[in-house]
Amino acid sequence: GAVVSQHPSWVICKSGTSVKIECRSLDFQATTMFWYRQFPKQSLMLMATSNEGSKATYEQGVEKDKFLINHASLTLSTLTVTSAHPEDSSFYICSAAGGTEAFFGQGTRLTVV
Amino acid sequence: GESVGLHLPTLSVQEGDNSIINCAYSNSASDYFIWYKQESGKGPQFIIDIRSNMDKRQGQRVTVLLNKTVKHLSLQIAATQPGDSAVYFCAEMAGSYIPTFGRGTSLIVHP
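Residue numbers (our numbering), protein chains in the order written: chain D, 200 to 312; chain Z, 71 to 181.
Everything labelled a hint here was simulated from the structure, so no lab data went into it. Misleading hints may appear alongside valid ones.
[Said to hold, decoys possible] Going by beta-carbon spacing under 8 Å, a handful of chain Z positions derived as facing chain D:
hint : residue
1    : L78
2    : G111
3    : K112
4    : G113
5    : P114
6    : F116
7    : F159
8    : I168
9    : P169
10   : F171
11   : G172
12   : R173
13   : G174
[As the list claims (entries may be wrong)] Chain Z is nowhere near these chain D residues, computed Cβ spacing over 10 Å in every case:
hint : residue
14   : V203
15   : Q205
16   : I211
17   : C212
18   : K213
19   : Y257
20   : N269
21   : S288
22   : E300
23   : Q305
24   : T310
Note that the coordinates shown come from a computational prediction; the quantities given were computed from them, not determined experimentally. C-beta atoms are modelled at their ideal positions from N, C-alpha and C, and glycine is treated no differently.
Start from the sequences, fold in the hints, and give me the full structure.
Now the structure itself:
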C-alpha cells in the first residue's frame, strides 16, 4: 500500500515554543492531506483538511492561528503548533488521500513541558 | 465527531477465539466504510473496507458485515492472535475521502 511518512515520531518542547510536524506521501501525490489529534484512549479528531496550494480548512473549535498548516507541494504538508502549551500535548496524526482511500502516517507524540 | 470525549470500550478474548467488534455509524448517506487497526503509539492501519452496495466482505482472517438498515458495521476476526491486540476503529465516508471515525474498541487478546 501507499506510504505516508510523518516526522518526528515524538518531540518534547518547552512551553511557548513552536513545533513543526511534517507529513510526506512517499509514493503518490496527495492533493489533500488531513491532520488529526488523538488524546489517550479516544478516537481521532479531525483538525483540518489541507489542499495543495490553498489554505487549510479547519474544523470548528480548532484555532487556525495556533495550528498552522502548510501544504506547499503534492507530497508534503506541515503542521506547526505555535506557542505550545502543556494542554497541546497529544498524539498528532496526518493522513494523505490517494483516490478513495486515506493512508495514515505513524503519528507524532508531542509533549509540552 | 461522535467519538469526541468518549473513552474506548474494551473486548477481551482468549487466543484462538473469534472476535466480533461492532460499530454504529451515524450518516445514512455514507457509502464507504473502512476498519482500521491502531497499535499503541502508531497511526491507524487499513484492515478492510466495504462499499454500501455490499453486505459482506472477507479478507484474510477478517470479515466485515454491513447492515445499512440499522447503520451497523461489524468486524469479525477469526482465530484471534495476541498480535491482534490493538484499538480498532470503523470509519465512514459519504461521497468523499474524509473518514469520520467511530469511537473505537480496544481488543485485548489473552494468550
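Evaluation of the provided hints:
1. At about 5 Å, the closest approach between the beta carbon of L78(Z) and any beta carbon in chain D falls short of 8 Å, and the interface hint on this residue holds.
2. The criterion of a C-beta within 8 Å of any C-beta in chain D is met by G111(Z), whose closest approach is roughly 7 Å, and the hint holds.
3. The closest approach between the C-beta of K112(Z) and any C-beta of chain D is roughly 6 Å, which is under the 8 Å cut-off, so the hint is satisfied.
4. Interface restraint check for G113(Z): the shortest CB-CB distance to chain D comes to about 4 Å, inside 8 Å, so the restraint holds.
5. For P114(Z), the interface hint holds, the least distance from its beta-carbon to any beta-carbon of chain D being 5 Å, beneath 8 Å.
6. With a least beta-carbon distance of about 7 Å to chain D, the hint placing F116(Z) at the interface is held under the 8 Å criterion.
7. Proximity of F159(Z) to chain D holds as hinted, the smallest CB-CB distance being about 6 Å (cut-off 8 Å).
8. Restraint check, I168(Z) versus chain D: the minimum CB separation of about 6 Å is within 8 Å; hint holds.
9. Among the interface hints, the one on P169(Z) holds; its C-beta lies about 6 Å from the nearest C-beta in chain D, closer than the 8 Å criterion.
10. Contact between F171(Z) and chain D, as hinted, is supported at the beta carbon level, the nearest pair being about 5 Å apart and thus within 8 Å.
11. Evaluation of the G172(Z) hint against chain D yields a held restraint, the C-beta minimum of about 7 Å falling below 8 Å.
12. Using the Cβ-Cβ criterion of 8 Å, the hint placing R173(Z) at the interface with chain D is satisfied: the shortest such distance is roughly 5 Å.
13. Given hint, G174(Z) at the interface with chain D, holds; its Cβ is 5 Å from that chain's nearest Cβ, closer than 8 Å.
14. Not every Cβ of chain Z is farther than 10 Å from the Cβ of V203(D); the closest lies at roughly 8 Å, contradicting the non-interface assignment.
15. Its closest Cβ contact with chain Z, about 7 Å, brings Q205(D) to no more than 10 Å, contrary to its assignment away from the interface.
16. For I211(D), the non-interface assignment is confirmed: its Cβ lies about 15 Å from the closest Cβ of chain Z, beyond the 10 Å cut-off.
17. Residue placement check: C212(D) keeps its beta carbon more than 10 Å from all beta carbons of chain Z (closest about 18 Å).
18. K213(D), annotated as away from the interface, keeps every beta carbon of chain Z farther than 10 Å; the closest lies near 22 Å.
19. Under the 10 Å C-beta cut-off, the non-interface status given to Y257(D) relative to chain Z holds; the minimum distance is some 13 Å.
20. At roughly 19 Å, the least C-beta separation between N269(D) and chain Z is larger than 10 Å, which holds for a residue marked as non-interface.
21. Non-interface status of S288(D) relative to chain Z is upheld: no Cβ of that chain comes within 10 Å, the nearest being about 14 Å off.
22. Non-interface status of E300(D) relative to chain Z is broken: a Cβ of that chain comes within 10 Å, the nearest being about 7 Å off.
23. The Cβ of Q305(D) does not lie farther than 10 Å from every Cβ of chain Z; its closest approach is about 5 Å, which violates its non-interface assignment.
24. Annotated as non-interface, T310(D) keeps its C-beta farther than 10 Å from every C-beta of chain Z; the closest such distance is 13 Å.
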